[in-house]
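**Student:** Sequence:
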Amino acid sequence: MAEKFLDFILARRIYVALIACAVLIAAVFVGSRLSVDAVPDITNIQVIVNAKTGGLDPQQIEKSVTYFVEAEMAGLPRVKEVRSLSRFGLSQTVVIFHDGTDIYWARQQVAERITKVAMSLPAEVQLMMAPITTGLGEVFMYTLLAKDGSELAKKNERDRLVYLRTIQDFVVKPYLKSNVAGVAEVDSLGGYERQLHIEVDPLRMDALGLTFSAIKQALRNVGENFGGGYIENNRQQLIIRTNGGISIEQLSNIPLRVNWAGGFIRLKDFARICEYHTQRLGAATYRGEETVLGTVLMLAGQNSRAVALDAEHALRHAPLPADVRAEILYTRSFLVDATLKTVAKNLSEGAAIVVLILLLFLGNFRAALMVALSIPLSFAFALIGMRVFDISANLMSLGALDFGLIVDGSIVMIENLLAKMEAKPPRSSAEKIALAKQAALEVLKPMTIGMLIIMAVYIPILMLEGVEGKLYYPMAVTVLFALAGALILAVVVMPAIGSYLNVAHASSE
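Plus 12 on top of the position in the sequence shown (first one is 1) and you've got my numbering.
Hints were generated in silico from the structure; no laboratory data involved.
A portion of the hints provided could be inaccurate.
Heads up, simulated DSS-like pairs for lysine-lysine below, C-alpha to C-alpha not over 30 angstroms straight-line [said to hold, decoys possible]:
id	residue 1	residue 2
1	LYS185	LYS159
2	LYS280	LYS228
3	LYS64	LYS166
4	LYS482	LYS457
5	LYS353	LYS482
6	LYS185	LYS166
7	LYS75	LYS16
8	LYS189	LYS228
9	LYS449	LYS432
10	LYS449	LYS16
11	LYS482	LYS92
12	LYS457	LYS436
13	LYS482	LYS357
14	LYS75	LYS185
15	LYS228	LYS128
16	LYS189	LYS159
17	LYS64	LYS159
18	LYS16	LYS436
19	LYS16	LYS457
20	LYS16	LYS432
21	LYS16	LYS64
22	LYS185	LYS64
23	LYS64	LYS75
24	LYS92	LYS128
Taking CB as the label site, the calculated pair distances span [to be verified]:
id	residue 1	residue 2	range
25	LEU208	GLY112	46 to 54 angstroms
26	GLY87	LEU359	46 to 54 angstroms
27	THR55	ILE471	19 to 27 angstroms
28	LEU453	LEU371	24 to 32 angstroms
29	ARG99	THR55	16 to 24 angstroms
30	PHE182	GLN262	19 to 27 angstroms
31	MET13	ALA350	46 to 54 angstroms
Note that the structure is predicted; figures quoted are calculated from it, not measured.
By construction, the Cβ of each residue, glycine as well, lies at the ideal position given by its N, Cα and C atoms.
Throw the hints in and build the complete structure from the sequences for me.
**Tutor:** In structure tokens form, the structure reads like this:
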């Protein structure tokens, strides 16, 4: 069987070389489309359910919100663990699924349970799922600042932070989400969210015979838009609508009831209406001063370097007001570029050292060059395998490649062929092919067994689960594909191209 296989390969040497070139071209195409990151993402499959609970204290939140949400999620299929957290104004439930679960299927299951459990919660509680991101999803961070010397910079800190937070929420955030592919969410931190506050005088309100429920009912539909159909006139349709926009002055003059003299009791008679901000639970600082931060969260499974670069480009072209500037604080592209630079440096230096040692020990430049070809070709197999198994190019996957192991099989094959040609120099192409076949048959079995034993060492790593599995699985798969490629090259390519060796030319050198 081995003889027939080698006869088939050696009779089609030119096609073997062309196939090897095709593999290299395919690897370049595939490698340019690999997801790139600094390290593997070890985050488990999880869906986070957040609940805004208003002014409830943590103990009330735990009893009336978190308990019901956690109990409802515990019965979902393929659920591994359910964790929860109750803080002032927030209830968070983390549903962790078994590895391999489709995240979109998991979110569908959680969404169905959210609809069901919402009926058991207080009316003011709002349930929502967190975006589809992971623990390594924060790929880009920036801050909004007032330009030096602008009118905004001269304002007091509260007004400046209210303005910057408004720009972040209504200008920058929507722009980034619509112009950067692969963004799950853009988080805002710091500053103050603008609000209209109605500060009621309780004594005055009681004297006028009003209650908070009456005020709430009167203001329920303020600011809403309503349609009233249309009126047809002279074959034209005139749309009837209401404009929900309202100013502070108009809000102050809203009538609530009629007093004893027949006049209106208006909101301004017992309350002060003003622009203010929401009550906040945290802040952000930059160079010792409060500021507004924005964080781009990457959609799970996307290319972190590409998303970070696109976000950086979009931020530079965001339609910011003349008195606001954006400054980049962190971008994942810098970390990924530094990691890839380190990996490329190590791989290139390793390859150069291996080629130099091959040249010194084999004593034949052409033989050393042929063996060195196994390095890029094996690397090509590794890239194709990474693409098939959706493994990102990172420090663990690429940094684990050992060129010394990769060239072992090719060295044995070429060295045995070189020894036979030096002992009995071939006089024709047919004799070269015969020597290549004889040399390959002598080392084929032990060389193959040796390579398979090395590959078997990495197989147990594929059985790891949890964080260890996510961390070391990319390394094992990449190395196995590289070694498999090296074995194929040693068995198929090396005998074919080794038959072109010219010992006489080597000795003259």
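**Student:** Going back to the hint list, which numbers does this structure go against?
**Tutor:** Structure breaks hints 3, 4, 7, 8, 14, 17 and 21.
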